[in-house]
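Order-wise, the sequence lines are chains A and B. Residue numbering for the first sequence follows the numbering used here, beginning at 27 and increasing consecutively. Residue numbering for the second sequence follows the numbering used here, beginning at 500 and increasing consecutively.
FYI, nobody ran anything at the bench for these hints, they're computed from the structure. Mixed in with the good hints there might be a few duds.
[Stated by the list, open to error] Once the Cα atoms are required to be at most 25 Å apart in a straight line, the calculated DMTMM-like pairs of lysine to aspartate or glutamate come out as:
id, chain 1, residue 1, chain 2, residue 2
1, A, 64, B, 521
2, A, 29, B, 521
3, B, 513, B, 562
4, A, 96, A, 82
Fair warning: this is a prediction, and the values are worked out from it, not measured in the lab.
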Amino acid sequence: AQKVTQAQTEISVVEKEDVTLDCVYETRDTTYYLFWYKQPPSGELVFLIRRNSFDEQNEISGRYSWNFQKSTSSFNFTITASQVVDSAVYFCALGRGAGNKLTFGGGTRVLVKP
Amino acid sequence: GAVVSQHPSWVICKSGTSVKIECRSLDFQATTMFWYRQFPKQSLMLMATSNEGSKATYEQGVEKDKFLINHASLTLSTLTVTSAHPEDSSFYICSARAQGGSYNEQFFGPGTRLTVL
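The shape of chain A in the complex, shown without the other chains (with noise of 0.2 Å):
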């Protein structure tokens, strides 16, 4: 069975501050996706990254960067610089390929104050 933790209900920060989402994930699966989502308060999911279980490289786009380590089995990210717009809930998810179904982790709440 696939499981993924994030063990960060709400995370409350000041604007610039940098925040760190944690996720942790369980499978069985050698090949595999982590994906981070980001749900504004209108709803929509606003995709941000995939990443394949074979390429552990980290990635940095902009503000956001990411952490992928198969050892310990977490797929973390960080906001740098943190603005007020980034409030939102965040996701992290597991899949089976790119285009399987999803398993998604209890989401992070992330309040930036101006």
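We have chain A already, so just place chain B on it with the hints.
Below, chain B without anything else, positioned relative to chain A:
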């Protein structure tokens, strides 16, 4: 490209009535569509997987007679909540998987908020 729409975006209905939600892939063909449900302040839970031209596969605990799914074409899947009750009030999100190539990934619709009175 890769846009998925849902209609309606929100709906309010009376208890006991049925509600149909549409999920459309606007610029690609989707052999598979997924339906998720999200209760307030909770995560997304997969309800069913819908394949074009065949019966949907439901996740454990999801009543297939209550949540009817039809995937009659490569661009449209519908979810009908039959005899809706207040506990069915939720945010329903669909996603679509494109055929082949670099589009072998899911694209999410904007969601439909259902409120049953």
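task: Measure nothing beyond the straight line between the CA atoms of residue 64 of chain A and residue 521 of chain B; if it is 25 Å or shorter, mark the hint as holding.
output: holds (23 Å)
field: Given pair status - residue 82 of chain A, residue 96 of chain A, alpha carbons within 25 Å
entry: Given pair residue 96 of chain A, residue 82 of chain A holds - Cα atoms ~7 Å apart, limit 25 Å.
query: residue 29 of chain A and residue 521 of chain B: Cα distance at most 25 Å?
result: violated (29 Å)
field: Pair hint outcome, residue 513 of chain B versus residue 562 of chain B [Cα-Cα no greater than 25 Å]
entry: holds (20 Å)
Of the numbered hints given earlier, the model fails hint 2 alone.
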